[in-house]
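Undergrad: One letter stands for each residue in the lines below.
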Amino acid sequence: MCLSQAELAWIVAILSLAGLSLVAVSVLHTVSVARRKQDQLRDRFADELAMREGLKRFLASELHDNVGQLTALNMLRLDELASREEAVPAAALRELADLAARVYHDVRAVSHLMDGGNVMRTGLEQSIRDAVRLLERHTACTVGVSLPPGGIPPLDPTATIVLFRAVQEALTNIAKHAQATEVAIAVELRGNRLAIHIADNGVGVSGRRGDGIGLYNMRRQLRQLGGNIQLISAPGEGTTLHLSLPRVNQSEKNGYETHRKDHGGHPG
Amino acid sequence: MPNMIYLYSEAACLLMALVFLRRAPRHWRLLRPYLALVVAVEALGGVLAMGGKANHHLHNALLLVEGFVVAMVLYVLLRPYAPGRRLTVIWQGWLTAFLALYGVELIWLNHGRAFNTKTYSALALSVPWAAFYYNVRFAASPPAGTPWRDAALWWVNGTSAFYIGTLLVHLILPNLVHQPVRVWGLPLHFLVINANIVVLYGTWSYAFLCVYRRLN
Numbered sequence: 131m132c133l134s135q136a137e138l139a140w141i142v143a144i145l146s147l148a149g150l151s152l153v154a155v156s157v158l159h160t161v162s163v164a165r166r167k168q169d170q171l172r173d174r175f176a177d178e179l180a181m182r183e184g185l186k187r188f189l190a191s192e193l194h195d196n197v198g199q200l201t202a203l204n205m206l207r208l209d210e211l212a213s214r215e216e217a218v219p220a221a222a223l224r225e226l227a228d229l230a231a232r233v234y235h236d237v238r239a240v241s242h243l244m245d246g247g248n249v250m251r252t253g254l255e256q257s258i259r260d261a262v263r264l265l266e267r268h269t270a271c272t273v274g275v276s277l278p279p280g281g282i283p284p285l286d287p288t289a290t291i292v293l294f295r296a297v298q299e300a301l302t303n304i305a306k307h308a309q310a311t312e313v314a315i316a317v318e319l320r321g322n323r324l325a326i327h328i329a330d331n332g333v334g335v336s337g338r339r340g341d342g343i344g345l346y347n348m349r350r351q352l353r354q355l356g357g358n359i360q361l362i363s364a365p366g367e368g369t370t371l372h373l374s375l376p377r378v379n380q381s382e383k384n385g386y387e388t389h390r391k392d393h394g395g396h397p398g
Numbered sequence: 103m104p105n106m107i108y109l110y111s112e113a114a115c116l117l118m119a120l121v122f123l124r125r126a127p128r129h130w131r132l133l134r135p136y137l138a139l140v141v142a143v144e145a146l147g148g149v150l151a152m153g154g155k156a157n158h159h160l161h162n163a164l165l166l167v168e169g170f171v172v173a174m175v176l177y178v179l180l181r182p183y184a185p186g187r188r189l190t191v192i193w194q195g196w197l198t199a200f201l202a203l204y205g206v207e208l209i210w211l212n213h214g215r216a217f218n219t220k221t222y223s224a225l226a227l228s229v230p231w232a233a234f235y236y237n238v239r240f241a242a243s244p245p246a247g248t249p250w251r252d253a254a255l256w257w258v259n260g261t262s263a264f265y266i267g268t269l270l271v272h273l274i275l276p277n278l279v280h281q282p283v284r285v286w287g288l289p290l291h292f293l294v295i296n297a298n299i300v301v302l303y304g305t306w307s308y309a310f311l312c313v314y315r316r317l318n
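Protein chains in written order, with my numbering: chain E, 131 to 398; chain G, 103 to 318.
Just chain E, with the same shape it has in the complex (with noise of 0.2 Å):
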C-alpha cells in the first residue's frame, strides 16, 4: 500500500500530536504520584514528629514526677541529718539509700522504655511488663496482664514498636487523668490479628478528651500498619481502649522470603 503525499503529511501530523499529548499525560501522572508520595512523607514526619515529642513528654513527665521528687526528698533528709549534731543512726542512712536505690531504678525504668532498640530486643510482652511495672510503682493502681497461651508472639519491628507505644501512651493517659485503681491489660490473638484491650474503673473521658491528640496519633499509626483502634468510655464509668494490628511477625516475614529464594515465586 502506497501512501500519497497528503496523507502521509497528515499522519505524521497526527502522530506528533500523539506524541505530544503523550508526554502532557506523562507529566500529569508523574506530579500526581509526586504529590501523593510528598503527603506521605509529610504523613509519616508528622507521626514521627508526634512521637519523638510524646516520648519527650513522658520523659519530662517521668523526671519531674518521679526522678525529681525522690531526689528532692532525698536532699531535705540529707539537710536534716547535716544539721544535726548527733551520729547519724543506721536506719536513717539505710532509708536514704533506699530513695537512692529508687531514683537509680527509676532512670534505668524510663531509659529502658524510651529506647525503641531495647523494645524491639526485649520484646513487646517484656516493654509491656516494664511500663505496667513502672505504673505501679508511681500510682495506686493495681494492674492485670493476661496473655495468651504461649505469650505474645515475635512482631514485625515497626509492629513492636507502634503497639507498645501506644500501650505506653494508655498507661501514660491512665496515670496522669483516670486516677484508676484498677488496670486491666488482656492480649488475645483472633486469628490474623493480635488484639489488645486495656481497661481501668478511673473517671472516664468525655468525647472531647477522648479525641485527643495522642489518640489520633495512635490511630493514624496503627491504620498504616493495617490495624485498628477504639476507645470506649462515659464520665464515671472508666475507660476500654482496643488495639488491633494484623499479625505478620517476623519469623512468617523470614520465611516468605526464604520461600521466594527457593522458588523463585509467590508461595501457593
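Worth double-checking, as some hints may not be accurate.
Computed far set for chain G versus chain E, every beta-carbon distance over 10 Å [unchecked claim]: (1) LEU117; (2) ARG131; (3) GLY153; (4) PHE200.
Cβ pair distances, simulated, as ranges [claimed, not checked]: (5) ALA148(E) - LYS220(G): 19 to 25 Å; (6) MET244(E) - LEU117(G): 56 to 62 Å; (7) PRO182(G) - ALA364(E): 54 to 60 Å; (8) ALA246(G) - TRP140(E): 42 to 48 Å; (9) ALA145(G) - GLN170(E): 48 to 54 Å; (10) HIS307(E) - ALA246(G): 36 to 42 Å; (11) THR248(G) - LEU206(E): 57 to 63 Å; (12) VAL178(G) - ALA190(E): 45 to 51 Å; (13) ALA145(G) - LEU145(E): 26 to 32 Å; (14) ALA148(E) - ILE209(G): 34 to 40 Å; (15) ALA148(E) - LEU117(G): 30 to 36 Å; (16) ALA148(E) - LEU317(G): 35 to 41 Å.
Bear in mind the hints are in silico, worked out from the structure with no lab data behind them.
Ideal Cβ positions, reconstructed from N, Cα and C, are used throughout, including at glycine.
Following the hints, put chain G in place on chain E, whose structure we already have.
TA: Frame of chain E, contents of chain G only:
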C-alpha cells in the same frame, strides 16, 4: 509574519533566559549562549533560505552544539537521582557515540550536502528515554516544593515533547518538502515543527521562571 513564529518563540525564550537565569546555577546559564546561538542560526538560516541558498551547514553545526548542551543539562538534572559512576559512564559513552555518528554521517553518508537526519534521530530517540527515567525517579522521590513549579520537570519534558513531536517530520522531511500539503496557506510539516517549537520554548521559558522563583 506567521511563518516566523519559531524565531519569535526562540527570541522570547532567549529574553526569558537572559532575565531569569542571571544568578542561576551554571547548567541553567549554559542555555543562554545556546539560545543566542539558536536565534542567530535560525535568523541567518531564514535569510539564506529566502535567498534560495542551502542552510543545512548551519543546522548541522547547531546540531553538534545542541547534542552537547541537551546531554549536558540532562546529565546535571539526572545526577541527584543517579549517584555513582553509572550515569557518568552512560553520558560519556552517549557523547562519544553521538560524535562518532555525527562525523560518519557528515563525512561519509551526506558528504556535507544535507542535514544530519540520522544524528538528529539518535538525539531525538535518546531524550525521551532520559525524560522517562527522570519522571520515574522524580515521582519516586520528589524534591521539596510544589511539583508543578519544578523547573527541571518542565525542561526535561518540554525537550522530550519536542523531540518526540519532530522526529517523524525530520525523517520524512525531504518527501514533504517537494509537494507540501498546505493548511491555512502554510505547509503542514512547517506547522507541526512550529507547534513543537512553541511547546519547547514555552516549557523552557516557564522552567526559567521556576528557576528564578526558587532563587528569589
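Undergrad: Hint by hint, say whether it matches the structure.
TA: Results of checking the hints against the structure:
For LEU117(G), the shortest C-beta to C-beta distance to chain E comes to about 24 Å, beyond the 10 Å cut-off, and the non-interface label holds. Every beta carbon of chain E lies more than 10 Å from that of ARG131(G), the smallest distance being close to 25 Å; the non-interface claim holds. No Cβ of chain E approaches the Cβ of GLY153(G) within 10 Å, the least distance being about 26 Å, so the stated non-interface status holds. Annotated as non-interface, PHE200(G) keeps its C-beta farther than 10 Å from every C-beta of chain E; the closest such distance is 22 Å.
Checking the proposed 19 to 25 Å range against ALA148(E) and LYS220(G) shows it holds: the Cβ atoms sit about 23 Å from each other. A C-beta distance of roughly 59 Å is found between MET244(E) and LEU117(G), which places it inside the suggested range of 56 to 62 Å. With their beta carbons about 55 Å apart, PRO182(G) and ALA364(E) fall inside the hinted range of 54 to 60 Å. At about 45 Å, the CB distance of ALA246(G) to TRP140(E) agrees with the hint of 42 to 48 Å.
Separation of ALA145(G) from GLN170(E) is about 50 Å and conforms to the stated range, judged on CB atoms against 48 to 54 Å. In this structure the hint that HIS307(E) and ALA246(G) lie 36 to 42 Å apart at CB holds, the actual value being about 39 Å. Here the CB-CB span from THR248(G) to LEU206(E) is close to 59 Å, well matched to the stated 57 to 63 Å. The beta-carbon spacing between VAL178(G) and ALA190(E), approximately 47 Å, falls within the hinted interval of 45 to 51 Å.
A hinted range of 26 to 32 Å holds for the C-beta pair ALA145(G) and LEU145(E), which are about 30 Å apart. Judged by the Cβ atoms, the range 34 to 40 Å given for ALA148(E) and ILE209(G) holds: they are separated by roughly 36 Å. Against the hinted window of 30 to 36 Å, the Cβ-Cβ separation of ALA148(E) and LEU117(G) comes to about 31 Å, which satisfies the hint. Range check, ALA148(E) to LEU317(G): Cβ separation about 36 Å, and the 35 to 41 Å hint holds.
In summary, the structure agrees with every hint in the numbered list given earlier.
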